[in-house]
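Using the hints, position chains X and E against chain F.
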Amino acid sequence: MPKLLVCYKWVLDEQDIKVRPDDLSLDSSRAKGKISDFDRNAIEAASLLVEAQGGTVDALSYGTPAVKLSVKDVLSRGPNALKWIGDPEADKADAFVIANVLAAAIRRDGPYDLILCGEGSSDMFYQQTPARLAALLGLPCVTFVSKLSLEGDVLTATRKLGDSTEEVRVTGPAVVSVLSEIHKPRIPSLKQVLGAAKKPNEEIAVGSLGLSAEDLKPRAVRKSPRGFLMNRKNVIFKESDAAANVAKLVSSLAAEGLR
Amino acid sequence: MTLLSAEQKQVKQTAKDFVAKEIIPIAAKLDKAGVFHPQVLDAARESKIFAMAVPREFGGLDYDALTQALVLEEWGYGCAGVGTTLAASVLSMDSVLVAGTEAQKKMFFEPMVRGEIGSFGLTEPSAGSDAGNGKTTALKDGDEYVLNGSKCWITNGQFSTVFVIYALTDPTKGMKGLSAFIVEKGAPGFTIGTVDHKLGIRSSNTVELLFKDVRIPVSNLLGKEGEGMKIAMMTLDLARPAIASLALGIAQRALDECVKHVQQNYPDPKVAQPGQTLQFKLADMRIQIEAARELLHHTMNLRDAGLPFSVESAMTKTSCADLAMKVTTEAVQLMGAYGYTSELSKLMRDAKIMQIYEGTNQIQRLVISRAVLAPAKPAVAVQKGGN
Amino acid sequence: MSIHLTEEQALIGQSAREFAKEYLDPIAVELDHSSQYPTAVVKALADHDFLGLFLPSEFGGAEAGFVSLVEVIENLSRSSAAVASILINHSIAAYAIQRWGKADQKKAYLPALAAGKTLGAFAVFEHGPTPGVGPDALQATQQPEGWVLKGTKAFVRNAGVADLYVVLACTDPAAGGKAMAAFIIDAKASGLTVGAPFDTMGLKGCPVADLVFDNVIVPATAMLGGLTEGQAIITETLAVASIAEAAQTVGIGQAAVEHAAAYAKTRVQFGRPVSTLQAIQTLLAETATDCHLARLGLHEAALLLEQGKPFQVEAAMVQQFLARFGAKMLVDTVQVEGGFGYSEFMPLPRLFRDIAGTTLLEAPADYPDQTIATALLA
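Residue numbers (my numbering), protein chains in the order written: chain F, 58 to 316; chain X, 147 to 533; chain E, 19 to 396.
Chain F on its own, in the form it takes in the complex (with noise of 0.2 Å):
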């Protein structure tokens, strides 16, 4: 029976989060959580290979004390049971702590089969931490995958690049990181809802699993986030001539640097 290991990340609603006109900072004292769009993607995929052939799902998170929110959010999408750090300093963290952290919890509770993570987050979107938890891991790493597959220990999965496709076979264990074309997540039914406090879930103190100060300082420091608004010139042409007003429209473009 395969013991898989799904990787999620919860984030605050983009929706949410407004920027404040006067100096584009970013207002999110009224966004609520939520789990990071391509990780719900991941966490449907692990549940449909169990669910089809057998086996386990684990669901692991890092991130500030208040990914405990997410516990019965995801226990009802479809895994068996959780783990989560909260550290009020995954704030800052980058995809360089985030990696050491995952990594160092898995060695603790597994090997697992396969591990599953989200392309990217959805606030971040550094794309960066399957990739380096499998090179901590020292295994071989899957990414846009829009279709899996597991027979045995045989992994077949379909990459979406560019403009082509290729399917890989992977042998083994691996990190696998999958595109929102994989499967459209679940929407929990009544039952897998409050079935979900029935489930195990465990937090994990960040001080418990061995890592030194160097592997939790974030290399990448955040600055000032910014939002970005679109204001609006209000330059309107207005001659008889439609040629005319082609011809200003084309030279004030060109004025502003647009070529």
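Hint data in this document are derived by calculation from the structure and do not stem from the laboratory.
Since this is a predicted model, take the numbers as computed values, not measurements.
Treat the hints with care, as some may be off.
[As the list claims (entries may be wrong)] Straight line, CA to CA, 30 Å or less: simulated DSBU-like cross-link-like pairs of lysine-lysine:
1. Lys125/E with Lys248/F
2. Lys305/F with Lys283/E
3. Lys370/X with Lys252/X
4. Lys204/F with Lys39/E
Chains X and E only, in chain F's frame:
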């Protein structure tokens, strides 16, 4: 109630009879199918009611403003969709009445006397409340204007034979470059676009008008170039009470339907009566309808006396439209499932447009509040250096 | 979201929102046009346990409680209030059986209702002044072969598609409303016919019709509750329904205010978005406020119901509030969108017609006032 002359009473009664015979029996069917009503036009032809605002010298009925309001209330009572056809046709005429030459009046009014209808084309997708923001142009080419662009939500469009269309003769001047034109059905390049499907007044025809190189003679220009906005505003001042009249008719109909329902269920007041909640709601409806009608008739009296009535026109439209919405909503509620499944629900849907078209009630309130806040003329000259 | 929602309740609301986007958004407009009962969607509701939402788990229900119910109703109604109507009317029939059923009745009916194998309907109204809740249009007479039902129930929702009806009938014409009793009637019972569906203004797709009973014979075991318990069943069940309908209204209002706000930001008149005009902001602010306060009130009523505390006055207050401000939410949001908002090519006209149904249809206009005043004056 305003005291009506014998003639006004007669016209009102005739309109009531016509509506009862020709409109009320088919209103629900037209609403359900969302189709226009050529049969009503046919039935009304002989009476020349579509020429009720046309001066006598052009063969029209030449009704005064109050009499027109009486007719429109009855039509609104029967079906606000059909009533809208009449109101919109009168609206199109008003522009010609305001600014037309004798020849133009003859050209526009004769079809009305024959029982044909007209359309008023001002609104565009970008120019709703902001009426001066249209894109349709009418550029002069020799002794013709060449019309290009489109108009939206034009009442009667598919069935009208004559149109007043507003277009920019000088697009650089914005609303100061707006002019009004008479356009006839069938002009080459003039076609009908999408037909709208609406929440209410579904038996009125609402379409898009498309103009592609439509050539119109300079003799069809109403007033002078650039006078379009002025003409449009004067037209709408004249027309707003028409909407108020339709709205009032809707409200009166809703009250009457409620009363009929109550009387059916409580045939003998000595045996049983509806509760006070219901009784008082009916009383409130009656109070508000009477008050709104007084304001409408007062406004019409001002107009007939040749006095300024622009602000009163806005107040009338706003109060009657809001009233119609309120009364129909309460009527549906009073009758519960009966209201929701009967023609009352049509009244509620029809009432909603009254708050929107021919200037939203927000625009009316702008007009009214400006008048309210206008500096009062001092009764006595202020002495310099006082205090 | 309200502060008192538990994690599960919030997740259930989220699940219902996801469900609505997936299953209801694609069909809502077509459902409104065709009025065809949405069989596939009701099946999907069952698959997600919505049809047995508050029923006990021993009968296969999710036992999620009434706060979850209103969260689900609101979130479904944001996409299709008609589908929510189907759920509400099924739910109140199930509520009555769960609340007043004897053990064998519960065992016989609740598992199928919870699983969605059986769709329920609650038949209480009769033609009359307001349309009222009885008491004499359907008579039940005791005969040697059982109860014989003769007469008509009016404006029954889910009529014709339901598999069972909880029906209120009068057992003694002389005693009127005091002699009401409830019966569980199989839709296939001999002598029971469904009248032509009413053409309603909105909530299209949830059928509404009269039920005509021509000497329908049911065994004594079909009676739900006691011989004179009908009035209590009516009052309490309709109070439960009014909470659910308030959630429906709030869902419609929420959808409308979100749509109107988005529209106002893109609609440019006088050289700027109309959202910058104070008059438009006021329309939006008032609607959002009415919607929010109604939500708080109905959540409180749902919580009281869930906790087994008296809830009927609170339910009546919400109904009273929405009778005044519910339809106004759509009158005002359509106004924000002006001529566009009046076109059936836009979403708000459907919501306008639907909210008239959820706020104006169900109860006589003075019912909530009476309940509230009676409690005050007792």
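Indices of hints not satisfied (ascending): none
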